[in-house]
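Participant: Spelled out, the chains give:
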Amino acid sequence: AQSVTQPDIHITVSEGASLELRCNYSYGATPYLFWYVQSPGQGLQLLLKYFSGDTLVQGIKGFEAEFKRSQSSFNLRKPSVHWSDAAEYFCAVVDTGRRALTFGSGTRLQVQP
Amino acid sequence: GAGVSQSPSNKVTEKGKDVELRCDPISGHTALYWYRQRLGQGLEFLIYFQGNSAPDKSGLPSDRFSAERTGESVSTLTIQRTQQEDSAVYLCASSLVRVSGANVLTFGAGSRLTVL
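Heads up: the protein sequence lines correspond to chains S and E, in order. Residues 27 to 139 (this note's numbering) make up the first sequence, in order. Residues 101 to 216 (this note's numbering) make up the second sequence, in order.
To be clear, the hints were calculated from the coordinates, so they are not data collected in a lab. Since we're looking at a predicted model, the values are computed, not measured. Keep in mind that a hint or two might mislead.
Derived CB-CB ranges, DEER-like [said to hold, decoys possible]:
hint : chain 1 : residue 1 : chain 2 : residue 2 : range
1    : S       : Glu-46    : E       : Glu-120   : 50 to 56 Å
2    : E       : Ser-127   : S       : Gly-79    : 27 to 33 Å
3    : S       : Ala-55    : E       : Pro-155   : 23 to 29 Å
4    : S       : Gly-67    : E       : Thr-178   : 44 to 50 Å
5    : E       : Gly-116   : S       : Gln-97    : 48 to 54 Å
Every beta carbon over 12 Å from chain S, so not counted as near; a handful from chain E, in silico [claimed, not checked]:
hint : residue
6    : Glu-172
7    : Ser-173
8    : Gln-183
Under the rule of at most 20 Å between Cα atoms (straight-line distance), these lysine to any residue pairs were calculated in the SDA-like manner [said to hold, decoys possible]:
hint : chain 1 : residue 1 : chain 2 : residue 2
9    : S       : Lys-75    : E       : Arg-198
10   : E       : Lys-157   : S       : Thr-122
11   : E       : Lys-157   : S       : Gln-28
12   : E       : Lys-111   : E       : Arg-198
13   : E       : Lys-111   : S       : Gln-28
14   : S       : Lys-75    : E       : Gly-201
15   : E       : Lys-157   : S       : Arg-125
16   : S       : Lys-87    : E       : Thr-206
17   : S       : Lys-94    : E       : Ala-202
18   : E       : Lys-111   : S       : Gln-68
19   : S       : Lys-75    : E       : Ser-200
20   : E       : Lys-157   : S       : Gly-123
21   : S       : Lys-75    : E       : His-129
22   : S       : Lys-75    : E       : Val-204
23   : S       : Lys-75    : S       : Tyr-53
24   : S       : Lys-75    : S       : Gln-32
25   : E       : Lys-157   : S       : Lys-87
26   : S       : Lys-75    : E       : Gly-142
27   : S       : Lys-75    : E       : Arg-212
28   : S       : Lys-87    : E       : Val-204
29   : E       : Lys-157   : S       : Gln-32
30   : S       : Lys-75    : S       : Asn-50
Heads up, the beta-carbon is just placed ideally off N, CA and C, and yes, glycines get one too.
Whenever a hint applies, use it, and build me the whole structure from the sequences.
Facilitator: If you want it as structure tokens, here you go:
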């Protein structure tokens, strides 16, 4: 079965600094990959997705992610973090057996002024 | 509707009671999912409905958990004889179904269950 690992449980960055959140997946074929964000007290919002084609995908709120097959990674990046980006970020992969998403354990982002 | 609606948003119950959580998916979305999110943890898959096909119940943690869906509309997740470890946010999501299986899920705001 497909799985997702987010190695960083908690990350703190200064406002205006760049950000990279790591995600590694386990899947033999080309995976379908997603990043979701969960702000305090809210549901999950889709940031971006990768199905095929260009390995650098753009999302909402200035986020981007790069699919690297050789590293089995799909890291999320943002060049300049805003205080409103403080949230929990989840990487997910489609479990083609279940037709559902398998989520990583999440990375909590704190933004310092 | 415009989004996925879940009710109640908050539920406090006593251990041993039964609870029902409701999910109203986006109109036209034939796939519906339930996930559980315990405090500070990721999302656990519970169950998946797709049209009139038999649901995938492989994520349900025990026989105290069950779910139903009426056609391609509302779904109800029922937890019988609740235990304290059932305390969590229960998230519902819906999606269109792609042939590739790359379904894009839209989530509701969740139902927070607290078992005392």
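Participant: Hint by hint, say whether it matches the structure.
Facilitator: Going through the hints against the structure:
One distance hint, 50 to 56 Å for the beta-carbon pair S:Glu-46 and E:Glu-120, is violated here, with the actual separation near 42 Å. Here the CB-CB span from E:Ser-127 to S:Gly-79 is close to 30 Å, well matched to the stated 27 to 33 Å. Between S:Ala-55 and E:Pro-155 the beta carbon distance is about 25 Å. The supplied range of 23 to 29 Å therefore holds. Checked against the hint of 44 to 50 Å, the pair S:Gly-67 and E:Thr-178 fails, with Cβ atoms roughly 25 Å apart.
For E:Gly-116 paired with S:Gln-97, a C-beta distance near 49 Å keeps the hint of 48 to 54 Å intact. Distance check on E:Glu-172: its Cβ is at least 15 Å (rounded) from any Cβ of chain S, clearing the 12 Å threshold; non-interface status holds. Every CB of chain S lies more than 12 Å from the CB of E:Ser-173, the least distance being 19 Å, so the non-interface label holds. Residue-level check passed: E:Gln-183 sits 23 Å from the nearest beta carbon of chain S, beyond 12 Å.
For the hint linking S:Lys-75 to E:Arg-198, the alpha-carbon distance of about 14 Å falls within 20 Å, and the restraint holds. The hinted pair formed by E:Lys-157 and S:Thr-122 meets the criterion: a straight-line CA distance of about 15 Å does not exceed 20 Å. Simply put, E:Lys-157 and S:Gln-28 have alpha-carbon atoms about 18 Å apart, close enough for the 20 Å limit, and the pair holds. For a cut-off of 20 Å, the pair hint linking E:Lys-111 to E:Arg-198 is broken: about 34 Å separates their Cα positions.
Among the hinted pairs, E:Lys-111 with S:Gln-28 is inconsistent with the structure: their alpha-carbon atoms are about 33 Å apart, more than 20 Å. At roughly 13 Å between alpha-carbon atoms, S:Lys-75 and E:Gly-201 fall within 20 Å of each other, so this suggested pair holds. The hinted pair formed by E:Lys-157 and S:Arg-125 meets the criterion: a straight-line CA distance of about 12 Å does not exceed 20 Å. The suggested pairing of S:Lys-87 with E:Thr-206 holds, with an alpha-carbon distance near 17 Å, which does not exceed 20 Å.
Taken as a hint, the S:Lys-94 and E:Ala-202 pair is honoured in the structure, with Cα atoms around 19 Å apart against an allowance of 20 Å. At roughly 16 Å between alpha-carbon atoms, E:Lys-111 and S:Gln-68 fall within 20 Å of each other, so this suggested pair holds. The suggested pairing of S:Lys-75 with E:Ser-200 holds, with an alpha-carbon distance near 14 Å, which does not exceed 20 Å. A threshold of 20 Å between alpha carbons decides the hint, and for E:Lys-157 with S:Gly-123 the separation of about 12 Å falls inside it, so the pair holds.
For the proposed pair S:Lys-75 and E:His-129, the alpha carbon gap of about 19 Å is at most 20 Å, so the pair holds. For the proposed pair S:Lys-75 and E:Val-204, the alpha carbon gap of about 9 Å is at most 20 Å, so the pair holds. Distance check on the hinted pair: S:Lys-75 and S:Tyr-53 sit about 16 Å apart at the alpha-carbon level, within 20 Å; holds. A hinted pair counts as satisfied when its Cα atoms are at most 20 Å apart, and S:Lys-75 with S:Gln-32 qualifies at roughly 16 Å.
Proximity of E:Lys-157 to S:Lys-87 is assessed by CA-CA distance (about 35 Å); at most 20 Å being required, the pair is judged violated. Between S:Lys-75 and E:Gly-142, the direct Cα distance comes to roughly 19 Å. Compliance with the 20 Å bound is thereby established for this hinted pair. Only pairs whose Cα atoms come within 20 Å are accepted, and S:Lys-75 paired with E:Arg-212 is rejected, the gap being roughly 27 Å. Of the pairs offered as hints, the one joining S:Lys-87 and E:Val-204 holds, with about 18 Å between alpha carbons and a cut-off of 20 Å not exceeded.
Straight-line distance between C-alpha atoms of E:Lys-157 and S:Gln-32 comes to about 26 Å, which puts the hinted pair past the 20 Å bound. Annotation: proposed proximity of S:Lys-75 to S:Asn-50 holds, straight-line Cα distance about 15 Å (limit 20 Å).
When each numbered hint is compared with the structure, violations occur for hints 1, 4, 12, 13, 25, 27, 29.
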